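Novice: In case you want the letters, here they are:
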Amino acid sequence: MREKHGAWSALFAEKGATLSKYFLRRVSHRWDAQDLVQEVYLRLLRIGPDDAANIRSPEAYLFTVAANLVKEHAVLRQQQPLGSDELDQVVEQLVAPTNVEADMDSALRSERLGVLIDRLSPKCKAVLIMHYRDDMSYRDIAECMSISTNMVKKYIVKGLAACRQRMADYE
Amino acid sequence: MNDSTQFDAARQARRITEQAVSWYIEQQEPLSERQRVAFLNWLRASPRHVAEYFAVAQMHGDFKAAAALKTITAEQLVEQAGRDNPVVMFPLMGPAMRKEPAPRTGRTHRALKAVAGVAAAVVMAWLGTDYWRASRGNIEQMYQGDVASVRSLTLPDGTLVQLEQGGAIHVHFDGRYRRIEVVRGNALFDVGKDAKRPMFVSVGGHVLQDIGTVFDVKRDAGGDTLTVISGRVRVLDAPASALKGMDLPLLDGVVVADLTAGQQISMGATQVGTKQPAQIAKVTAWLPSEIRFQHETIGNVARRFNAYTSKPLVIDNATIADERISGIFHANNPQAFAAYLATLPDVRVIDESDRVRVVASNQTAIKADRL
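In order, the protein sequence lines correspond to chains U and F.
Per my numbering, the very first residue in the first sequence carries number 1; after that it's consecutive.
Per my numbering, the very first residue in the second sequence carries number 172; after that it's consecutive.
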């Protein structure tokens with residue numbers, strides 16, 4: 001199992017959003033999603049100290065636990081089964097989402113996010129757009145803006161947190 | 172749930188979000204063993220952490236798509252960000268600043284901007300002058316502090332000034348610039364926003380340009396002191412020629428210090444001291460300990476509290492800001508005022524790391540409809 005984590009880590013770095021979308025799509029309403037979070041949490045608590053030290057990527061572990069729970073949940077609810085228990089099957093589902101509704105949600109969320117980005121301070125906004133749209137590195141942005149790379153990182157964290165807080169207002 | 176716990180809950184939610192984002196960003200590089208343990212412990216500390224981490228992961232996926240929709244160029248972004256930075260210029264620039272055109276935006280846009288400025292002035296005159304964000308009165312006047320107590324002034328552009336007993340300022344606003352000279356004593360400024368007319372505050376041998384921050388200036392025989400209460404101020408050592416033309420881009424590269432909220436710097440005739448953390452309570456001790464207001468707009472009352480705190484109250488809704496209230500509050504307790512605001516119908520108070528935001532409870536719903 002553990003050798004899978006490296007691959008999962010890379011996958012989720014890229015597909016984290018899709019996973020959550022998948023999460024919400026697979027379960028019929030929000031309350032189920034909250035139950036799943038609770039269950040993920042309980043599983044994290046059950047990790048023994050020795051095992052905890054062996055987890056090379058806690059993030060990948062987190063998402064793996066979540067994905068497995070989604071599968072279990074689907075079986076329990078007798079929804080359409082995911083086929084085999086192979087992670088690859090899940091990966092395929094994640095990479096090629098077919099649910100049109102979920103994609104529309106994503107477009108709406110991006111649009112809302114776009115509005116929120118415009119409300120950030122000009123510096124914060126500049127850093128985020130340069131990083132996420134223009135793929136500029138922290139160092140390049142720092143040079144462009146005459147600030148330190150450390151400040152670039154701070155603006156990114158601050159901007160994302162502000163957007164996330166305001167997106168939460170929509171929920 | 173009473174108001175203070177609601178307030179605490181919002182603050183806690185904000186903190187969890189920031190932690191989740193920080194951890195999410197940290198994953199871009201492999202975590203050290205210590206970080207791995209810390210991250211796992213953080214996740215295991217609360218199911219809310221787990222839920223928020225998922226939520227941040229989801230939002231992060233949408234973020235690239237959202238940013239891709241922006242058409243503004245990187246150059247424009249940098250320019251806007253640069254303009255955001257208030258500037259303290261140094262040393263004496265004297266009366267030379269008066270007649271120069273504003274060269275900051277440069278070239279072809281200048282004429283357009285002038286037209287836009289006139290149009291805005293007409294619209295604002297029509298809307299009435301006490302709309303503090305954008306009113307454009309011209310003024311040439313000396314203000315003296317009261318004998319008995321601190322004097323509060325509201326200038327036509329919405330700038331709030333607290334003037335110490337015996338203090339004096341000279342105010343000169345024209346169509347191009349807003350200039351205030353601190354003649355003597357202690358004065359605290361909460362600068363009104365007017366992007367088209369930069370504000371310059373001169374203090375002895377120093378000039379301070381500011382956009383939307385709160386700062387305290389103390390004139391003293393032993394030297395002047397600048398304290399930034401909220402916002403950000405840059406102190407520059409500028410050649411007289413650059414000051415003459417007000418050409419702000421020319422001032423680049425001679426930064427003496429960057430001051431953020433809660434920092435203080437002493438300014439002598441020929442040099443500035445090192446910046447140091449300021450005790451805001453001590454700096455503002457000369458201000459009244461109570462804020463009394465009678466039928467005053469919430470927007471203005473909030474700004475009076477902002478003179479005392481590095482975490483400003485921001486009224487993010489014009490209707491709320493224009494609502495009039497009366498009361499007496501301890502000036503050093505803006506939380507009490509925020510808690511009071513939260514009791515008003517349809518008002519929501521959101522505690523963020525660097526500010527406290529006051530919005531209408533239905534504000535987000537309205538926006539969602541529009542989208």
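No lab work stands behind these hints, which were simulated from the structure alone.
Each hint should be verified, as a subset may be incorrect.
With a Cα cut of at most 35 Å, we get these calculated DSBU-like pairs of lysine-lysine [to be verified]:
#1 F:Lys446 <-> U:Lys153
#2 F:Lys241 <-> F:Lys453
#3 F:Lys364 <-> U:Lys71
#4 F:Lys235 <-> F:Lys367
#5 F:Lys235 <-> U:Lys71
#6 U:Lys71 <-> F:Lys367
#7 F:Lys453 <-> F:Lys482
#8 F:Lys482 <-> U:Lys71
#9 U:Lys154 <-> F:Lys367
#10 U:Lys154 <-> F:Lys241
#11 U:Lys153 <-> F:Lys241
#12 F:Lys364 <-> U:Lys153
#13 F:Lys364 <-> F:Lys482
#14 F:Lys446 <-> U:Lys71
#15 F:Lys482 <-> F:Lys367
#16 F:Lys241 <-> F:Lys367
#17 F:Lys364 <-> F:Lys235
#18 F:Lys482 <-> U:Lys153
#19 F:Lys235 <-> F:Lys446
#20 F:Lys367 <-> F:Lys446
#21 F:Lys453 <-> U:Lys154
#22 F:Lys241 <-> F:Lys364
#23 F:Lys453 <-> F:Lys364
#24 F:Lys235 <-> U:Lys153
#25 U:Lys154 <-> F:Lys364
#26 F:Lys453 <-> U:Lys71
#27 F:Lys446 <-> F:Lys364
#28 F:Lys482 <-> F:Lys446
For clarity, every value in this text was computed on a predicted model and none was experimentally measured.
Novice: It remains to establish, for every hint, whether it holds in the given structure.
Specialist: Now for the hints, and whether the structure bears them out:
| no. | hint | verdict |
| --- | --- | --- |
| 1 | F:Lys446 <-> U:Lys153 | holds, 24 Å |
| 2 | F:Lys241 <-> F:Lys453 | violated, 45 Å |
| 3 | F:Lys364 <-> U:Lys71 | violated, 55 Å |
| 4 | F:Lys235 <-> F:Lys367 | holds, 33 Å |
| 5 | F:Lys235 <-> U:Lys71 | holds, 28 Å |
| 6 | U:Lys71 <-> F:Lys367 | violated, 59 Å |
| 7 | F:Lys453 <-> F:Lys482 | holds, 16 Å |
| 8 | F:Lys482 <-> U:Lys71 | violated, 46 Å |
| 9 | U:Lys154 <-> F:Lys367 | holds, 30 Å |
| 10 | U:Lys154 <-> F:Lys241 | holds, 22 Å |
| 11 | U:Lys153 <-> F:Lys241 | holds, 21 Å |
| 12 | F:Lys364 <-> U:Lys153 | holds, 28 Å |
| 13 | F:Lys364 <-> F:Lys482 | holds, 18 Å |
| 14 | F:Lys446 <-> U:Lys71 | violated, 57 Å |
| 15 | F:Lys482 <-> F:Lys367 | holds, 26 Å |
| 16 | F:Lys241 <-> F:Lys367 | holds, 25 Å |
| 17 | F:Lys364 <-> F:Lys235 | holds, 32 Å |
| 18 | F:Lys482 <-> U:Lys153 | holds, 22 Å |
| 19 | F:Lys235 <-> F:Lys446 | violated, 38 Å |
| 20 | F:Lys367 <-> F:Lys446 | holds, 30 Å |
| 21 | F:Lys453 <-> U:Lys154 | holds, 29 Å |
| 22 | F:Lys241 <-> F:Lys364 | holds, 25 Å |
| 23 | F:Lys453 <-> F:Lys364 | holds, 27 Å |
| 24 | F:Lys235 <-> U:Lys153 | holds, 16 Å |
| 25 | U:Lys154 <-> F:Lys364 | holds, 26 Å |
| 26 | F:Lys453 <-> U:Lys71 | violated, 60 Å |
| 27 | F:Lys446 <-> F:Lys364 | holds, 26 Å |
| 28 | F:Lys482 <-> F:Lys446 | holds, 20 Å |
When held up to the earlier numbered hints, the structure conflicts with 2, 3, 6, 8, 14, 19 and 26 and fits the remainder.
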